[in-house]
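Listed here are the chains, written in short residue letters.
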Amino acid sequence: MKIRKKDGVIGSFEAFCLCNYLIYTKMFLAMPRHLIEEAGPIAWAVPILVLIFSLLFFYILTNLLQRFEDLSFLEIIGELWGSSMQWIIGVLFAFLFLVITAYQLRIIGEFLLSTLLPQTPLSAVLFIMVATFVYLAYFGIENLARLAGLLFPWLLVAFVVTFLLAVGRGEFYNFSPWLGYGEWRLFVSTVNHIGIYKEILLLAFIAPLFRKHQTLRRTGFTSLIFVAFFFFFAMAIYIYVFPVHTGSELGFPLFQLTRLVYYGAFLQRIDPLFMFVWASISIVGMATGLYVSALSLAQGAKASDYRPFLFPLAVILLAIAFYHESSMEAVKNYRLFPAYIAIPFFGIPILAWLWALLFHRQRRQRQ
Amino acid sequence: MSLLNWKKSLQNFKKLFVVDSSTQGKTFSLSSSRQPYQRKVTLTRKYNPKNKEKRDIPVATKDIQKAIASLFHANKNPDFVNRVLKTSYGQISIFYYQSMIDAQQVQDAVIEPLVSLNAEQEQLSWENLKDLLTYSHVTKEVTTLEDSAVQISAGRVFVHVEGFAIALAVKAGTRESRAVESPKTETVIRGANDSFVEEIRTNLYLLRMRLSIPEFIAEPIEQPHRSQERLYMLYIEGVTSPKLVKEMRRRLQAINVDALHSIGNLEHYVQGRPLSVFSQGITTERPDRTISHLLEGSVAVMMKGSPNALLMPVTLWSQLHSPEDYYFRWPIGTFARVIRLIALIVAIFLPSLYIAVVNFHPEMIRTELMLSIASARERVPFPTFLEILFLELAFEFIRESALRIPNMIGPTIGIVGAIIIGQAVVEAGIVSPIVIVILAITVLAGFSIPYYTLTYSVRILRLIFVFFASTFGFFGIVVGLLLLAHHLVSLKSLGVPFLSPVSPLRPGNQDVIIRPLPYLQELRPTFMGVLNKQKEALLQRPWDVNTPSEIHLLKSYTRSKKPALRKKKKQ
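Protein chains in written order, with my numbering: chain A, 35 to 401; chain B, 197 to 767.
Isolated chain A (complex conformation) (with noise of 0.2 Å):
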């Protein structure tokens, strides 16, 4: 396999910035107008409800991953459950991150046009993306990783400032009721958006490039936390900034929120400026989608290396991005399948770990 030591080892901290842009590039596209539409004024809740469920499956994982130290997590379903069973997962979640990428490609295109570039067709839009996309993980998820960690502190930075300055436009009281639209509502807004953080997946994918599995392991559970204290921070001051019924009617929520925004000295809007933190965030994600899908199929059929894997990937990647007739029909699917995506993310881990727990040891004493 490609994936080993000899290859090079992955930084805990550019891991961590890694798995902070691929889970949070949902973020930029309509999911907090989703979460207010479901939840009310309490959907900031939903990303801290989601994450002590998410801190449990990562524990699980962990454990799994554990049991067989330097085995990517498609390794140790080939040695759980055969060749054969290895090979099918891996295609599995080789489509699953497709779709999920070829979604956001889509919708983040849509957006660009409707913004930023109304007189470019969409096609140039995407391939440029998908071109970028197979460059960066072409050079492998060292490379991407470092990427991500050399911009990593200033996007931060442009994030909170943007989003602080904002804050002038809010009124408290949006928060109210407190409770939102009642427990039950709260609830089934969280079962439904289960998903936001099943992206830590990608760690046990990589997970022979850590030099120890404490490192895996802290990453995992850092990045989750404060991945989901900035879905809350941004949750709020949407909130905060835009009432219920308006918050759950606009295009691009936190592009909404950042055009409200009139510096004045010299620069009269920042929305433009603000693109740089999201269009980096979203393609390093995306490009780390594209990577993740081709090193699950590579993983799934054992093959030496992911690279041959990356164009005729991209190529499927446009096709599902052009699929849908128009924009709002991409969004409406987008929404939609989180929940039901959630299901393989989550559940083949948990069996496989409960697999391990009561089955392996004991074939393993047989032998």
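Rather than coming from a laboratory, the hints here were simulated on the basis of the structure.
Please note that the accuracy of each hint is not assured.
[Stated by the list, open to error] One-sided and incomplete, this derived list gives chain A residues near chain B with beta-carbon spacing under 7 Å:
id: 1; residue: VAL168
id: 2; residue: LEU170
id: 3; residue: PHE310
id: 4; residue: ILE317
[Unchecked claim] Listed next, with one range per pair, are the computed distances between beta-carbon atoms:
id: 5; chain 1: A; residue 1: LEU156; chain 2: B; residue 2: PRO470; range: 34 to 40 Å
id: 6; chain 1: B; residue 1: ILE660; chain 2: A; residue 2: TRP115; range: 45 to 51 Å
id: 7; chain 1: B; residue 1: PRO712; chain 2: A; residue 2: TRP115; range: 25 to 31 Å
id: 8; chain 1: A; residue 1: ALA165; chain 2: B; residue 2: LYS731; range: 43 to 49 Å
id: 9; chain 1: A; residue 1: VAL201; chain 2: B; residue 2: ILE709; range: 54 to 60 Å
id: 10; chain 1: A; residue 1: LYS366; chain 2: B; residue 2: PRO712; range: 54 to 60 Å
id: 11; chain 1: A; residue 1: ILE350; chain 2: B; residue 2: LEU680; range: 24 to 30 Å
id: 12; chain 1: B; residue 1: PRO577; chain 2: A; residue 2: LYS366; range: 42 to 48 Å
id: 13; chain 1: A; residue 1: PHE356; chain 2: B; residue 2: PRO558; range: 30 to 36 Å
id: 14; chain 1: A; residue 1: GLU205; chain 2: B; residue 2: ILE660; range: 42 to 48 Å
id: 15; chain 1: B; residue 1: LEU716; chain 2: A; residue 2: PHE356; range: 57 to 63 Å
id: 16; chain 1: B; residue 1: PRO577; chain 2: A; residue 2: ILE350; range: 44 to 50 Å
id: 17; chain 1: A; residue 1: ILE350; chain 2: B; residue 2: GLU411; range: 54 to 60 Å
[Claimed, not checked] So the derived list for chain B, only partly shown, Cβ under 8 Å to chain A, looks like this:
id: 18; residue: VAL576
id: 19; residue: LEU679
id: 20; residue: VAL685
id: 21; residue: VAL698
Cβ coordinates follow ideal geometry from the N, Cα and C atoms, glycine included.
Given chain A, work out where chain B should sit, using these hints.
Okay, now just chain B, sitting in the frame of chain A:
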């Protein structure tokens, strides 16, 4: 041919078509977990294919005269001197290139002692003969004709005495070189004002004068295919990582070309990514900069006939540093570095940002400013992209012509440039005045980058970003920025990441943008894999009342511990 040879030949043939999978994707790294990439080079070129086997030096004078004369085409080459001297113990043959040898030195150091010796041939031993040539410091024994050719080509006097199947190569060369002058591209206000010259011994003197320690090694790199001792690898034993020294030696020895004309030429052969727009080394003409990098764990390569040293590994940040940063007080040094970093950003992005704002996002800037820009552009019939491109080309023409033009008429270029760019193009309605302001700031920013090669790289990048901005606005700039940042993080300079210590992040290293106080810089950069991490003693200012007392305590503690440690080691 035996079966074994057949197999070997087949394997070698296979290597021409199939990449060894075990070597795929491996690059040199200083990390201890990665072994250096070792691939046997099978396609080596023979320097002298006609004479594959080495021939012994003949004993008789007549034979050696004939052999050397044919080897050096003496009849066509009047520069080649071939002298025969008759002595009491037999005939002596002397060969050398007149242009490379000091005739007086040959007379005093070689001919005089040899001719004045009064002895019979039977009494004469080879050791006696060697001892006669005390005026000449380098004497090398040569036993084959091919080695003699190498020695004569390298500028040595070749001495053969009848009756011996061995000869001597004696150094009696001239040291024709220009005097040491001030640096041309790395000038400083404060600090040393000497620079390297073409003569390697002078350069080594300039370096050894600054670093007089026996651990400072200037290792000649033997390259059997060309004249010897053309390249020197410089490092500090006990400081520089041995893995790094070994790798550089390997890369230098692998070079197999007719001639290397300068260090700039050599760069392409030893750098990991020669296709990159960035140089992964520093070519410097300053001895102080060379020493400073050597002390930080780098390796330097010098070449006979080239007034530069190639320093590797280096980082992008060190390309933004100037020796002057260390000669001024720290706030001045830090301020200069910040200015340079801003200059780098401005030189790459300013024209593209202007295009993006004017063409795609005019809502960003204040309405008054936007209207002012629009009114300035009213008379210009071209798109902003063409305006920028036109001015960029004009600047490049001026720069190129200023380099080529004779000094006598140099100021003319300035006048022509000022009139054309400053006045005529605006009046003619080809470009708007604001574009001139933008481009002037950009060009000035570009020239404030201290490493000249980086200035060239920045120019190319600027054009690429202008293209991205004119196609996709800010989004294009973001895409370009990501590609550039990714390229930079993937670059390595002799195994060291080019953006170290920022990416990968190594928080302990301080000397990036803020220039730390010199007496607080106790450690060498950790990412260089140095053997001796301590750069200076812990307590530099014992007399200062502000020095924390803990450091005094720590110092006295280590001092008291040292003898105990030594005793333990002895046991």
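These are the hints, each one checked on the structure:
1. VAL168: For A:VAL168, the interface hint is violated, since the closest Cβ of chain B sits about 11 Å away, which is over 7 Å.
2. LEU170: It holds, given that the least Cβ distance between A:LEU170 and chain B is near 6 Å, below 7 Å.
3. PHE310: holds, 6 Å
4. ILE317: holds, 6 Å
5. A:LEU156 / B:PRO470: 34 to 40 Å: holds, 38 Å
6. B:ILE660 / A:TRP115: 45 to 51 Å: holds, 49 Å
7. B:PRO712 / A:TRP115: 25 to 31 Å: violated, 56 Å
8. A:ALA165 / B:LYS731: 43 to 49 Å: holds, 45 Å
9. A:VAL201 / B:ILE709: 54 to 60 Å: violated, 31 Å
10. A:LYS366 / B:PRO712: 54 to 60 Å: holds, 56 Å
11. A:ILE350 / B:LEU680: 24 to 30 Å: holds, 28 Å
12. B:PRO577 / A:LYS366: 42 to 48 Å: The hinted range 42 to 48 Å holds for B:PRO577 and A:LYS366, with Cβ atoms some 47 Å apart.
13. A:PHE356 / B:PRO558: 30 to 36 Å: About 31 Å separates the Cβ atoms of A:PHE356 and B:PRO558, which means 30 to 36 Å holds.
14. A:GLU205 / B:ILE660: 42 to 48 Å: holds, 46 Å
15. B:LEU716 / A:PHE356: 57 to 63 Å: With a Cβ separation near 58 Å, B:LEU716 and A:PHE356 satisfy 57 to 63 Å, so the hint holds.
16. B:PRO577 / A:ILE350: 44 to 50 Å: Hint holds: Cβ distance 45 Å, inside 44 to 50 Å.
17. A:ILE350 / B:GLU411: 54 to 60 Å: Since the Cβ atoms of A:ILE350 and B:GLU411 sit about 59 Å apart, the hinted range of 54 to 60 Å holds.
18. VAL576: Cβ of B:VAL576 sits 21 Å from chain A, so the hint is violated.
19. LEU679: The hint holds - B:LEU679 has a Cβ within 8 Å of chain A, the shortest such distance being about 6 Å.
20. VAL685: Since the shortest Cβ distance to chain A is 4 Å, the answer is holds.
21. VAL698: Given a least distance of 7 Å, the restraint on B:VAL698 holds.
Consistency with the previously given hints fails for numbers 1, 7, 9 and 18, ordered from lowest to highest.
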